[in-house]
Each structure stands twice: as structure tokens, then as C-alpha cells.
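Participant: Residue numbers (my numbering), protein chains in the order written: chain A, 17 to 146; chain B, 17 to 146.
Be aware that a few hints might be false.
Copies of one chain are not kept apart here, so a pair can be met inside one copy or by any two copies together.
20 Å max Cα-Cα, derived SDA-like pairs, lysine to any residue [what the hints assert, rightly or not]:
| # | residue 1 | residue 2 |
| --- | --- | --- |
| 1 | K55 | L37 |
| 2 | K124 | I52 |
| 3 | K124 | P51 |
| 4 | K146 | E79 |
Rather than coming from a laboratory, the hints here were simulated on the basis of the structure.
2 protein chains.
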Amino acid sequence: MLNNWHTMIKSKQVDQVSTLLADNVTLFSPVIHTPIQGKKMVSMYLTAAFHTFLNGTFNYHREFSGDNSAVLEFSLNIQGIEINGIDMITWNDENKITEFKVMIRPYKALNMINDQMTAMLATLQQQAVK
Amino acid sequence: MLNNWHTMIKSKQVDQVSTLLADNVTLFSPVIHTPIQGKKMVSMYLTAAFHTFLNGTFNYHREFSGDNSAVLEFSLNIQGIEINGIDMITWNDENKITEFKVMIRPYKALNMINDQMTAMLATLQQQAVK
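Isolated chain A (complex conformation):
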């Protein structure tokens, strides 16, 4: 699973993301308590995240292993704000992602990401309506 994930991130073929997700995938955002459910909604959220995060400064620099799961630590910089966070990814025996959880620090970075993601999701939703 992780190889597929890293290959997608490096190739920036992020429109492939839904092929990596289980139908019943759940996403836990760093901002909102209520989880985001299902392949369609999670794909849209992750696509918005890729547009926001993969700005040329993003990199994964540490990895931790669990059972069918991993924590990937990342850092990036947006408009001079240093952002540090983790993706906590869980997958099933078919190698499809069942849970994706994101946490971000520090406070200023979470605010920045919240603003950028809100704007990006609004853009994607407008495109979907057209």
C-alpha cells in the first residue's frame, strides 16, 4: 500500500487516488471532528488536499509502522508558514485504504491549512456542479 501511495505522490498523478481507497473509507480531518465517509467524498477531500499540500516544498521525512497501517510525517511551507503533520493510514487485506487521518501542528499552520482547504473544496465543488 505505502509503495502505491508514495508512487502516486511522487508522480503527482493524484487523480488516481480513488483507486487506492476502499469503498467504505473514512477520513478524519485535522480540523473537523465528524469523519468524512465513503470513496467519493474522501477522494474529493484528498484531491483538495493534494492541490493545497503538494506545492513543491512538501516532503515525507519519517515513517512509523503498525499492523496494516503506518504513520508518515511530513513537512511543507505555505506562504512562509512552516507546516508539520502526519498522515495515519490504515488499509485492508486487499491493500485498499480504509482509514486516513491527518493531524497538523502548530496552531498557525492548522489555521493556514483550514483556510486553504476551505477555498480549494469550494472550487472543486463548483467544478463538480458545472
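With chain A fixed as given, assemble chain B onto it according to the hints.
Facilitator: Just chain B now, kept in the frame of chain A:
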């Protein structure tokens, strides 16, 4: 290292925390970008964190392994707010913690923790001055 950490948390003998820290330990808070340096300052910060977090609802429920390091996921509840986060702990060959990083989600929980920690650190600093 992790066994010592879990034993301390379970026994609530959190005044022992400095014995688990390397002299040059660095703490990365979920709120502030600038790291907190050195055993004395990090001990004070972690003591405040224990007073804030270990309220009877705190528990570690997932663990991820790295090289001389681990990610421990935790959850707790303060005044009805559900708080989810990680401790990312790194230690040296002498089994002393060299880096301690905390991330918290969602937004509302980070606000809650920030308020509580600010109040607790003020109390501890007043006690230290007396």
C-alpha cells in the same frame, strides 16, 4: 523506553518524568512552532500536560514503531470535547527521550488544550517562583 513511559502514565507518578529525558531533549508542542529545549523546561511542560490530559478519560489506543522511536495515538475527553492526538517519541541508545512531539485534532480540541495548558503552565510557574 516505551515500557517505562507506559508504566509512568499508568502509575500517575508523573513527577518521575525528568528521569526519562535526555539532558538535551527537545519538545515540539502542538500549538507553538518554536521548540522547547532542555530537560528542565521540557519536564515543566510535560508536567503541565499530565495535569491537563490525565483526567481519567485518557488512553493510548494505537502504537506505531520507528527506529528508536514510536508514535502513540491517544484519545480523551475534556468538558465534553473529544480530543484525539499523537505523541511522537524518539530516544537515544541510553533509553532517554531526545525528542517529544505532540499533535492534536480536531481544531476545537487544539483550542481547548491550548487554553488548559496556558492556565496550567501559569500555575506551575507561580509555584516555582514561591
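Participant: Now look at each hint and say whether the structure bears it out.
Facilitator: These are the hints, each one checked on the structure:
no.: 1; hint: K55 x L37; verdict: within (6 Å within a copy, 43 Å between copies)
no.: 2; hint: K124 x I52; verdict: between (24 Å within a copy, 17 Å between copies)
no.: 3; hint: K124 x P51; verdict: between (23 Å within a copy, 14 Å between copies)
no.: 4; hint: K146 x E79; verdict: neither (40 Å within a copy, 44 Å between copies)
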